[in-house]
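Numbers in the working numbering are just positions in the sequence shown, counted from 1, shifted up by 1467.
Since the hints were made in silico from the structure, they are not lab data.
We treat Cβ as the ideally placed atom computed from N, Cα and C, and that holds for glycine.
Label-pair ranges, simulated between beta-carbon atoms:
| # | residue 1 | residue 2 | range |
| --- | --- | --- | --- |
| 1 | K1527 | G1490 | 40 to 46 Å |
| 2 | K1504 | R1533 | 42 to 48 Å |
| 3 | E1585 | A1563 | 21 to 27 Å |
| 4 | R1478 | G1517 | 35 to 41 Å |
| 5 | S1553 | T1529 | 38 to 44 Å |
| 6 | R1533 | E1603 | 33 to 39 Å |
| 7 | L1532 | A1499 | 42 to 48 Å |
| 8 | R1536 | K1485 | 46 to 52 Å |
| 9 | L1532 | L1469 | 55 to 61 Å |
| 10 | L1532 | R1478 | 48 to 54 Å |
| 11 | K1527 | E1585 | 47 to 53 Å |
| 12 | N1547 | G1609 | 17 to 23 Å |
| 13 | R1486 | S1508 | 16 to 22 Å |
Simulated pairs of lysine-lysine, BS3-like, Cα-Cα distance not exceeding 25 Å:
| # | residue 1 | residue 2 |
| --- | --- | --- |
| 14 | K1579 | K1556 |
| 15 | K1602 | K1587 |
| 16 | K1540 | K1602 |
| 17 | K1587 | K1556 |
| 18 | K1556 | K1569 |
| 19 | K1540 | K1576 |
| 20 | K1611 | K1556 |
| 21 | K1579 | K1611 |
| 22 | K1576 | K1611 |
| 23 | K1573 | K1540 |
| 24 | K1607 | K1579 |
| 25 | K1569 | K1602 |
| 26 | K1579 | K1540 |
| 27 | K1573 | K1556 |
| 28 | K1587 | K1607 |
| 29 | K1602 | K1556 |
| 30 | K1569 | K1587 |
| 31 | K1556 | K1607 |
| 32 | K1556 | K1576 |
| 33 | K1485 | K1504 |
| 34 | K1611 | K1587 |
| 35 | K1579 | K1602 |
| 36 | K1569 | K1579 |
| 37 | K1611 | K1569 |
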Amino acid sequence: MLRLNELSPDRGSRKKTKRLGRGHASGQGQQAGRGHKGQGSRAGGGVYDGHEGGQKPLYKRTPKLRGFRPSDKLFYDTVNVNELESGAKDGAVNLASLVAAKLIRKSAKLLKVLGNGELKAALTVQAQAFSASAKEKIEKAGGKAEIITAVQEPKA
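Produce the entire structure from the sequences given, and follow the hints as far as they go.
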């Protein structure tokens, strides 16, 4: 039977902290594990994370990301013509039906249809933009490519 007065932590699960600089007899007196002199022995001393001791640090050796992303540019989520049939609902394809079919991200606001692949079904496709080949393939299959306007707020 378990008694409250007999409870104790598992062996090795609790480690006593080293009491540094508390006299020679403690085994951690004198320099208290800091060695002799130098930057690491001083109070508040020590080198920064990523210091490589005179060698050019990794963060300075690696190439940096150049350029910038313009805040007024519109970024479209794209889908190809051959994927449209799996995202169709009642012969219509739009942003919501493609999100439901998991062909584009939930956060997508703008859709562009590209012309890779073939389309067999006649679909009414609503998007903010179409490539010339995509529009041609949709209309050739007997469908309609409707351009809808939507404003995407620029990313700050």
